[in-house]
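K.L.:
As given, the protein sequences belong to chains Y and E, one line each in that order.
Per our numbering, the first sequence starts with residue 1, numbered consecutively.
Per our numbering, the second sequence starts with residue 1, numbered consecutively.
Don't read these hints as lab results, they were simulated from the structure.
Incorrect hints may have been included.
[Claimed, not checked] Reference listing, derived: stretches of chain E covered by chain Y, where coverage requires no fewer than 3 residues with Cβ under 8 angstroms from a Cβ of chain Y:
no.	stretch
1	52 to 65
2	150 to 160
3	204 to 211
4	254 to 262
5	278 to 286
Here a beta-carbon is modelled for each residue, glycine too, at the ideal position from N, C-alpha and C.
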Amino acid sequence: MNKILAVAGVVIRELYRRKDFYVLFILTALMTLLLGGVNFFNDEQIVGYLKEFCLLLIWISALVIAVTTAARQIPAERENRTIFPLLAKPIARWQVLTGKFAGCWLAAGVALVVFYAFFGTVIATRERTFPVADYFQAGWMHWQMLGIVIAMVLLGSIVLSTPAANVTIMFIVALGILFVGRYLNTVAVRMDEPSSSIVYTLYYVIPHLEFFDLRKRLVHDWPLVEWKYIGLATLYAWAYIAVFLLGSFALFRRKALN
Amino acid sequence: MRTALTLILLLTACFSLATYLQPRQASRELLEHGQASALDVLLGDGRRLFANEIFAKADAYFHRGNYPSIFELNARREENHMTAAAAGEEEHYEGDGHDHGDEGHDEHGEHEEHGEHRKGGGHGSEPRDWIEAFGRHLHPSVHLHLRDGEEREMLPWLQLSARLNPRQVEAYAVAAYWLRRSLNKVDEAEQFLREGLRHNPGDPLLLHEMARLEFQNRKNYKRAENLWIAALKRWRETEAGKEEPNEFLLSSILGGLAQLNIEQGELTRAIDYFRQLKEVSPLPEAVQRRIDELTEKLKAGEGR
Chain Y
1 MNKILAVAGV VIRELYRRKD FYVLFILTAL MTLLLGGVNF FNDEQIVGYL KEFCLLLIWI
61 SALVIAVTTA ARQIPAEREN RTIFPLLAKP IARWQVLTGK FAGCWLAAGV ALVVFYAFFG
121 TVIATRERTF PVADYFQAGW MHWQMLGIVI AMVLLGSIVL STPAANVTIM FIVALGILFV
181 GRYLNTVAVR MDEPSSSIVY TLYYVIPHLE FFDLRKRLVH DWPLVEWKYI GLATLYAWAY
241 IAVFLLGSFA LFRRKALN
Chain E
1 MRTALTLILL LTACFSLATY LQPRQASREL LEHGQASALD VLLGDGRRLF ANEIFAKADA
61 YFHRGNYPSI FELNARREEN HMTAAAAGEE EHYEGDGHDH GDEGHDEHGE HEEHGEHRKG
121 GGHGSEPRDW IEAFGRHLHP SVHLHLRDGE EREMLPWLQL SARLNPRQVE AYAVAAYWLR
181 RSLNKVDEAE QFLREGLRHN PGDPLLLHEM ARLEFQNRKN YKRAENLWIA ALKRWRETEA
241 GKEEPNEFLL SSILGGLAQL NIEQGELTRA IDYFRQLKEV SPLPEAVQRR IDELTEKLKA
301 GEGR
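I would like the entire structure built from these sequences, with the hints used as guidance.
P.N.:
Now the structure itself:
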């Protein structure tokens, strides 16, 4: 466990040394504050559009941080040849991968805490409320979604030849699932065979990242989701994380590193 | 041969360049004359497509985010209650001569689980599988409308939609309706309608909405009557010749005029408008009952 945490610690330190997070946070903050200053019909209580826009920026930023951080972990170690001294130590390959995953996931979690704190503060200035439980649910689910994406990207970084290809493909996959994933069954029933069965199979196989998107609930002030469903969604996320990590372990174990 | 080919190549290049430059030049000219925003220049005619989506976004806000996706376009058409309410579908002028607009949208706000769930999956129907069923516990899936001033949340999208496509008169009319009805911002509503009329001079829907504002909020009956008469005239000029004219708008205008004349005690004129309304109304019997009622009152000497 200590070995995994040591690897994870290095990844977290890498996040705050790099400028990606700061740039994305400043951009998000600037754009949100600029938009917050727009006047619509002299009504200062209008806040839905601001929530929606700020959350969209947070989702984009978090996805960029998660994908780019995870995608460069293994290739960078191989390129810099630091993977050899690392594996020369008494640490198994699966521990390296788990450490990398834990580091990326925790780093994404830290970034989310900062983003959601900013979001809550901005909205509190308009609405005069700070619904902690709602923000916790939204942030927690968001973090679980990033866990699946990070595990997927780590697997991609072992399978795909370059980090650029991995980043591009994973962005397309993640955004595709987020936008279309939940409607694949609707699309499938209108198709002829065998396309229908293929799309339906895809619908059941893909991780439904859209489960974890609670933005609409925050924007439109819906009540809290029942905690048992949050728990079930968390288990769903962990199952996919486990599948992707096990796939990564299996491939990385046999991977030639030179 | 080579000369001919070179000439064809040059002509093709000229044509391609013209198709590339012309829209940009037009946009630039508009910007220079102060009639176009940077958004117009940036998006060109594509902004109309965005305007429709943004207008749908306002309707999605009206339904608190529980709204059909682009994969469920039929359901989306059925769900457009924001426009229906603003167009005055709850205003039963024909039935009892009273304006139920206020009560109408409150009713909308209260009803949950709008209708029975259809079978076969998708928006507003029974879930097809466990993934869809589980997703409904996490995403907004109950049919609710904004209420008690929450309608303000739609306004940025309506304003943006109108900015993107100033020809989309519904955006002006719907925004003005909710501004004056739910937020009591009559001045802002009037200003927005005037902006719409500047872009769409003499549009009957905007004139009708302006008349409703004068009648219901400002109680300026004379101005309301003038506006409704202008709306009626413009409707006849623009809609009457169409294959499928907007008869709902015509009946709203005639209903408004009839109601206005009743308020002023001009029962003969009100009956006349009701007779015109009867010809286009989907409920001619109800309109006839109203005519009979007014005729009785007229005989009893209760009005002119």
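K.L.:
Work down the list of hints and note, for each, if the structure agrees.
P.N.:
Hint by hint, here is what the structure shows:
1. Counting residues of the stretch 52 to 65 of chain E whose CB lies closer than 8 angstroms to any CB of chain Y gives 3, which reaches the minimum of 3, so the coverage claim holds.
2. Here's how the stretch 150 to 160 of chain E fares: 6 of its residues keep a CB closer than 8 angstroms to some CB of chain Y, so the rule of at least three is met and the hint holds.
3. For the stretch 204 to 211 of chain E, the assignment as covered by chain Y is violated, since 0 residues bring a beta-carbon within under 8 angstroms of that chain's beta-carbons and 3 are needed.
4. Only residues whose beta carbon comes within less than 8 angstroms of a beta carbon in chain Y count, and the stretch 254 to 262 of chain E has 0; fewer than three means the coverage is violated.
5. Three residues within the 8 angstroms Cβ limit are the bar, and the stretch 278 to 286 of chain E against chain Y gives 0, so the coverage statement is violated.
Hint check: violations occur at hints 3, 4, 5; the rest are consistent with the structure.
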